[in-house]
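Chemist: Chain residues, written in single-letter form:
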Amino acid sequence: MTPAAFLESVGAQATSASGRLIQSALNLLERLGETSRLLVRMIRRLPLAAKNPRLLASQTWRMGVSSLPLVVVISVFIGAVTAIQAHYQFRGFIPDTYLGTAVCKFVIIESGPVLTALVLAGRIGSAIAAEVGTMKEKEELDAMAVLDLDPLRYLALPRLLGALLSFPLLVILADCLALLGGWAIAAGTLKVTTATYVHGIRFLFDTYDLWVGLLKAFCFGGVVALMGFYQGVKAGAGAKGVGQAAMRSVVSSCVWILMLDFVIVYIVY
Amino acid sequence: MKPPDSIIELRGLEKSFGRQKVLKGVDLTARRGETMVIIGTSGGGKSVILKHCIGLLQPDAGEVVVDGQVISRRHFSDAQTIRRRMGMLFQGSALFDSMNVGENIKFAVREHNRDLTEDALDAMVEEKLRLINLSPDIRFKMPSELSGGMKKRLGLARAIAMNPEILLYDEPTTGLDPITSDVINDLILDMQQKLGVTSLVVTHDMVSAYKVANRIAMLHEGRIIFMGTPDEIRAASNPYVQQFIRGQRKLGATD
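Protein chains in written order, with our numbering: chain A, 1 to 269; chain B, 1 to 255.
Here chain B stands alone, though its shape is the one from the complex:
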């Protein structure tokens, strides 16, 4: 029986790539409307968790439940409906290089809503660009003409184009300068406040985690070893958690 406010549940998720077992039984629940941040070392499987949540990967064992539906079954038949309720910002933005900014945002919307006119689509593009604080004038630019921060914002604009209820962020501030990172953090908060979305953020940037998270989960050696609010994680007694949030090379080192 799922808790009444949970929207994403991972139950005993296990995943291996070749001989390497990346996830060894991940249990995680994201509540409706919250921003949950998953932290952990690079290569530890954080992005793998996100890809399971949206059905890009299937687990070797365990279940992924989105809004009461188990989406990790091999022949899950309602994947389209679930995916259209979710959006994802990729680590490298994953913009379609052959399309301009406007086309990147409206391509999927046009394909899924054949009745929409080009004027309506253009208005939607303008609205989404304004929502992420970008000028609508850039809609004719190509992704290669944009800076790293603008690409991330455009990736977010594309992710929210279909008005998703759930947003997944894969390392949203990686590779950005501190000021641009903070712009992205503010946008993540904006999305929660203005659109009421549930967000799952994967990051190893603790500044970002503290700023955007309602709750933080720490992934360590394939399992969630801590779950709590930013204040609770600061006070956590687990030595691995303390090592990570303080950025220490050695376990148990003091400042």
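Chain A with its partners taken away, still in its complex shape:
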């Protein structure tokens, strides 16, 4: 290959690479715009939610109660791991009095809402995307439109509100169970007394942190429901399309959860 041809091919590759990059950025912006528009359209329908309390109740039940076993298991382990890690890092420097403090702060501000939301994005977000994607594939969304039933009101809104209601409640439970998991390890294997652990929790406990955690949970619930519904509606044809929609809903929810977590922490602290 001559030097001129080589440079030409490098130039063409660079142009095509930058073209792809620009195209990806434009696609991202388009999806962002579509998601924002979807959210606005859902919010506009909020007053209609009270007319279908059964739909809201069933979605809240499906998301909240059905997720309990998963939340119980992950929370206890998160608390236990946090206690072990904190105890190991403190050794020789920080007294055990602060073990409960570290577990409490980390669980309530970060791990409770964030890790619970990430796990629920996998469970609830993928389920919404797969369900809505399958409904689209089987023309149920078209059937709703033909019957003059608004899919946003009857499908999206109950799921959004169900997630907004159930996520904070699940996070409160997750926080309590994580503290319990931390206590079990502290008292059982780390030789930290219950009184010391509880004293540590109460030492720097601030209800403001709890509210921040709940605010995060509320926002993360909205993100998971929104992404699940959006990816379901955008699902491609067939089993592959539905599978990809479920996967995309989990990935996009997780990215949004972590970005929102940063934004909230940056603003409130």
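Worth flagging that the hints you see were computed from the coordinates, not collected in a lab.
Think of the CB as a built atom: it goes at the ideal place given N, C-alpha and C, for glycine as much as any other residue.
Careful, some of the hints might be misleading.
Calculated cross-link-like contacts (lysine-lysine; reagent style DSBU-like; alpha-carbon spacing at most 35 Å) [what the hints assert, rightly or not]:
hint	chain 1	residue 1	chain 2	residue 2
1	A	K51	A	K191
2	B	K141	A	K138
3	B	K194	A	K234
4	B	K151	A	K240
5	B	K211	B	K194
6	A	K138	B	K21
7	B	K21	B	K211
8	B	K24	A	K240
9	B	K151	A	K138
10	B	K250	A	K138
11	A	K240	B	K141
12	A	K234	B	K141
13	B	K211	B	K141
14	B	K24	A	K234
15	B	K141	A	K51
16	B	K211	A	K138
17	B	K151	B	K21
18	B	K24	A	K138
19	A	K138	A	K234
20	A	K234	B	K21
21	B	K21	B	K194
22	B	K141	B	K151
23	A	K138	B	K194
24	B	K151	B	K24
25	A	K240	B	K21
26	B	K141	B	K194
27	B	K151	B	K211
28	B	K24	B	K250
Residues from chain B that keep clear of chain A, each with C-beta distances beyond 10 Å, as calculated [unchecked claim]:
hint	residue
29	K21
30	E63
31	R84
32	A108
33	D137
34	I245
35	G247
Pairwise CB distance ranges (calculated) [said to hold, decoys possible]:
hint	chain 1	residue 1	chain 2	residue 2	range
36	A	R20	B	K194	57 to 67 Å
37	B	D5	A	R31	27 to 37 Å
38	A	V65	B	F140	42 to 52 Å
39	B	E118	A	A195	57 to 67 Å
40	B	G12	A	D150	23 to 33 Å
Dock chain B against the given chain A, drawing on the hints supplied.
Modeler: For chain B alone, kept in the frame of chain A given last:
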């Protein structure tokens, strides 16, 4: 100026999906009270025509006029009123899987008539099920427990729940055995006779087309190339029409 008895008019309808132009100027008029059948090869755009008629798709060019109102305008404001006058039976029935038979039929009716009592809704469900020759006892079954033919009939019961004036059928007999197909054909005729509805049926099943149609339109390469009664289509000289209605692989082949 629309002909006095026309209820659905398609004027120069064009639609593309990506680079593929599916409809290239479809002109079609369905008269009030008739059953019009649209035939054509699979993937030729027949269902696309139906979806335009009920406003699920918007054309790239051309107009869809339903009872004198152009519904294909981007900001058509009376879509709700028009849709409530129409019903559609989908190819795969499109039943709501999470609801039982009774709920499938009464869900939309309840939402649009908040004053109706549950007893009135149950009576309506019973009436519609009887109209399509299904026992009211199945109203507590889930769609997954029904056979293909029963699902189609239930889809029809749901489509007529709001007493529409226009019924659209998307491949109503596809995937059904010949006997069950004939049951569906009889129901299409019943709907015309008992309810006086205008029907637009999309199919490639010629047995069904001959049985239910007042007129048959053939869609070929994005345009309507023939329109006439079942007898007229049998006698048509167009080679594509003859190829299709005889089910021949090659154009101009003899029996």
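Chemist: Would the pair K151(B) and K138(A) pass a check requiring their Cα atoms to be no farther apart than 35 Å?
Modeler: 13 Å, holds
Chemist: Hey, K21(B) versus K194(B), does the alpha-carbon distance stay inside 35 Å?
Modeler: At roughly 39 Å apart (the allowed maximum being 35 Å), K194(B) and K21(B) break the hint.
Chemist: Straight-line Cα separation of K211(B) and K194(B) no greater than 35 Å?
Modeler: Given that 35 Å is the threshold and the Cα spacing comes to 17 Å, the pair holds.
Chemist: Need the status of pair K138(A), K194(B): alpha-carbon distance at most 35 Å?
Modeler: Satisfied, since the Cα-Cα distance of roughly 30 Å is no more than 35 Å.
Chemist: Mind checking the alpha carbons of K194(B) and K234(A) for me, to see if they're no more than 35 Å apart?
Modeler: With Cα atoms ~40 Å apart, K194(B) and K234(A) exceed 35 Å; violated.
Chemist: For K24(B) and K240(A), compute the direct alpha-carbon distance and say whether it is at most 35 Å.
Modeler: Answer holds: K24(B) to K240(A) is near 31 Å, not above 35 Å.
Chemist: Are all C-beta atoms of chain A more than 10 Å from that of R84(B)?
Modeler: At about 6 Å from chain A, R84(B) fails to clear the 10 Å cut-off, so the statement is violated.
Chemist: Could you check that no beta carbon of chain A comes within 10 Å of the beta carbon of K21(B)?
Modeler: Fine: 20 Å to the nearest Cβ keeps K21(B) off the interface.
Chemist: Going straight from one Cα to the other, do K151(B) and K211(B) come out at no more than 35 Å?
Modeler: 21 Å, holds
Chemist: Confirm or reject the claim that R20(A) and K194(B) have a C-beta distance inside 57 to 67 Å.
Modeler: The hinted range 57 to 67 Å holds for R20(A) and K194(B), with Cβ atoms some 60 Å apart.
Chemist: Given the hinted pair K250(B) and K138(A), is their Cα-Cα distance within 35 Å?
Modeler: At roughly 34 Å apart (the allowed maximum being 35 Å), K138(A) and K250(B) satisfy the hint.
Chemist: Examine each Cβ of chain A, and state whether all of them lie more than 10 Å from the Cβ of I245(B).
Modeler: 28 Å, holds
Going through the hint list in order, the structure does not satisfy hints 1, 3, 21, 31, 32, 37 and 38.
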